[in-house]
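Undergrad: Here are the chains, one letter per residue:
2 protein chains.
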Amino acid sequence: MPTQIAVLLFDRFTALDAVGPYEMLCRLPDTEVVFVAERTGPVPNDRDELNLVATRTFEEVTAPDIVVVPGGPGQDGQMDNEALLEWLRTVDATSTWTTSVCTGSLLLAAAGLLKGREATSHWLALDELKRLGAEPTGRRVVTDGKYVTAAGVSSGIDMGLTLVGRLAGEEHAQAVQLLTEYDPRPPYDAGSPEKAPAHLVEEFRTGGRFISR
Amino acid sequence: MPTQIAVLLFDRFTALDAVGPYEMLCRLPDTEVVFVAERTGPVPNDRDELNLVATRTFEEVTAPDIVVVPGGPGQDGQMDNEALLEWLRTVDATSTWTTSVCTGSLLLAAAGLLKGREATSHWLALDELKRLGAEPTGRRVVTDGKYVTAAGVSSGIDMGLTLVGRLAGEEHAQAVQLLTEYDPRPPYDAGSPEKAPAHLVEEFRTGGRFISR
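These protein sequence lines are chains A and B, in that order.
Numbering-wise, the first sequence is residues 1 to 213 according to full-length UniProt numbering.
Numbering-wise, the second sequence is residues 1 to 213 according to full-length UniProt numbering.
Isolated chain A, as found in the complex (with noise of 0.2 Å):
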C-alpha cells in the first residue's frame, strides 16, 4: 500500500499553502496524493480564480498516512462547519502526521488537536491560534509529537521538505531540492514581521493595508 496524503481543499484556500507542501511531499517514494472536500469538483480559491479539483469527499478517505491542512481567508468561514472539524478528528486518529500550513493550524485546534500543544499560523493569527488553546511559537515550522504546523502561506514548503527528511531521510530530501530547484533567493528580506518594515508590519496589524486576496 503506498503511503496516502490527503490535502484537504476547502472554498477561498490560498493555493500555495497547498501547492508548496504538494509539491515536496509528492515526491516521497511510494507515495498517492488525493485532493479532499466536502464535495468533489472544482474549489476555488481565495480570488475566485484558481480552481484545484477536489477528487475525493470525506467519506472517501478515512485513514490518510499524512494530512494536509492549508489555511486562507475560507478557513473563517470553516471553524464552525461540523463536518470538516469531524474529519480532522476521524483522520488525525490513525495518522501518522498531521500537519498544517498557515491559518490550517486555526481549523486543527477548532478540531480540539492542538490542546496543549506548540504549534504556528501565519503571524497575523498567533493571537486566534492562543485563544484556541495552542501554545504559538515564532518559528517557521513547528513538530510537537505528529503535529507539524507552519507558518505564512509560502512556509509550506519548508515544512513539506522538512517532513520528507524526517521520513525519506536526507539524501532523498537534498534529492527533492535539487530537482525542484528550492534555492530560494527573494529580492527582499521582508518576509517576516521582525524583518519586514515597521510600518508595513502595523499596517497589516490594524487593517490599514489591503492587498486583494
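Check each hint, because a few of them may be wrong.
Each computed SDA-like pair below joins lysine to any residue, with the alpha-carbon atoms no more than 20 Å apart [as the list claims (entries may be wrong)]:
{"no.": "1", "chain 1": "A", "residue 1": "Lys195", "chain 2": "B", "residue 2": "Gly165"}
{"no.": "2", "chain 1": "A", "residue 1": "Lys195", "chain 2": "B", "residue 2": "Glu171"}
{"no.": "3", "chain 1": "B", "residue 1": "Lys146", "chain 2": "B", "residue 2": "Pro187"}
{"no.": "4", "chain 1": "B", "residue 1": "Lys195", "chain 2": "A", "residue 2": "Lys146"}
{"no.": "5", "chain 1": "B", "residue 1": "Lys195", "chain 2": "A", "residue 2": "Gly165"}
{"no.": "6", "chain 1": "A", "residue 1": "Lys195", "chain 2": "B", "residue 2": "Gly169"}
{"no.": "7", "chain 1": "A", "residue 1": "Lys146", "chain 2": "B", "residue 2": "Glu170"}
{"no.": "8", "chain 1": "B", "residue 1": "Lys195", "chain 2": "A", "residue 2": "Arg185"}
{"no.": "9", "chain 1": "B", "residue 1": "Lys195", "chain 2": "A", "residue 2": "His172"}
{"no.": "10", "chain 1": "B", "residue 1": "Lys195", "chain 2": "A", "residue 2": "Pro184"}
{"no.": "11", "chain 1": "A", "residue 1": "Lys115", "chain 2": "A", "residue 2": "Ala93"}
{"no.": "12", "chain 1": "B", "residue 1": "Lys195", "chain 2": "A", "residue 2": "Pro186"}
{"no.": "13", "chain 1": "B", "residue 1": "Lys115", "chain 2": "B", "residue 2": "Thr90"}
{"no.": "14", "chain 1": "B", "residue 1": "Lys195", "chain 2": "A", "residue 2": "Lys195"}
{"no.": "15", "chain 1": "A", "residue 1": "Lys195", "chain 2": "B", "residue 2": "Glu170"}
{"no.": "16", "chain 1": "B", "residue 1": "Lys146", "chain 2": "A", "residue 2": "Pro187"}
{"no.": "17", "chain 1": "A", "residue 1": "Lys195", "chain 2": "B", "residue 2": "Lys115"}
{"no.": "18", "chain 1": "B", "residue 1": "Lys195", "chain 2": "A", "residue 2": "Lys115"}
Simulated from the structure, these hints should not be mistaken for laboratory data.
Given the coordinates of chain A, work out where chain B should sit on it, guided by the hints.
TA: Relative to the frame of chain A, chain B by itself:
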C-alpha cells in the same frame, strides 16, 4: 481595465511552476488572473493527481498584459503543438512581460521568442535551451527585455516577487512578501547543482536517480 495575467496550462505541467508565481503576481494592484489552455476544464499535473482548472481557451485570451508559462514533464509533448506555440506568439506580440518557470522557457524558445536572448530553465534543461537558440545563464531569475525566465520549479516564486517589485514598487513587493511570509528556511542547502552533493547531481544527469513525478 485590470492588468490581465494569463497562466498557461497543459497536460502534465508541474503545479508549483504555475502556483508559485501566481501567488505573488495575483497580489499586484487591480489584477485579473486567467488560467488558459487549449480547452477549458481540469488540467492534470505531472503525477495525474492534482488538477487545476483552465477557465479560458486560447481563443478567449488574446492580449494579456503578462504571460506565465510553467514547465514540467509535459512540456516535451507540447514542443510540436502548433496551436500552443502560435498562442504564445500571438500573446507575446502585445504582452508587457512574457515569463516562464522551469522548462516553460523551452516552450518560449520553441515558439521562437528567445532567439539570442539571455534566459534560464531547470538546471537539467540548460543544454536544450541553448540548442533552441537562447543564451542560457545559471542565474535563478533572468530578465532580458520583457522576457523573464526562472530556473526550476520553486524559482517561480522569486520570479513573481521580482516582477511585483518592478511593476508596483519595492514597498508593495515587500508587503506581498510579508503577507505570504516568504522568509524561506530550507532545512538543507542542496537546491542547486553547485550546492547539492555531487553524486546526486551526477545521478540526475545520467538518469541513475529517479524520483517519482
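Undergrad: So, against the hints stated earlier in the document, which numbers end up violated here?
TA: Failing hints, ascending: 3, 4, 7, 14, 17, 18.
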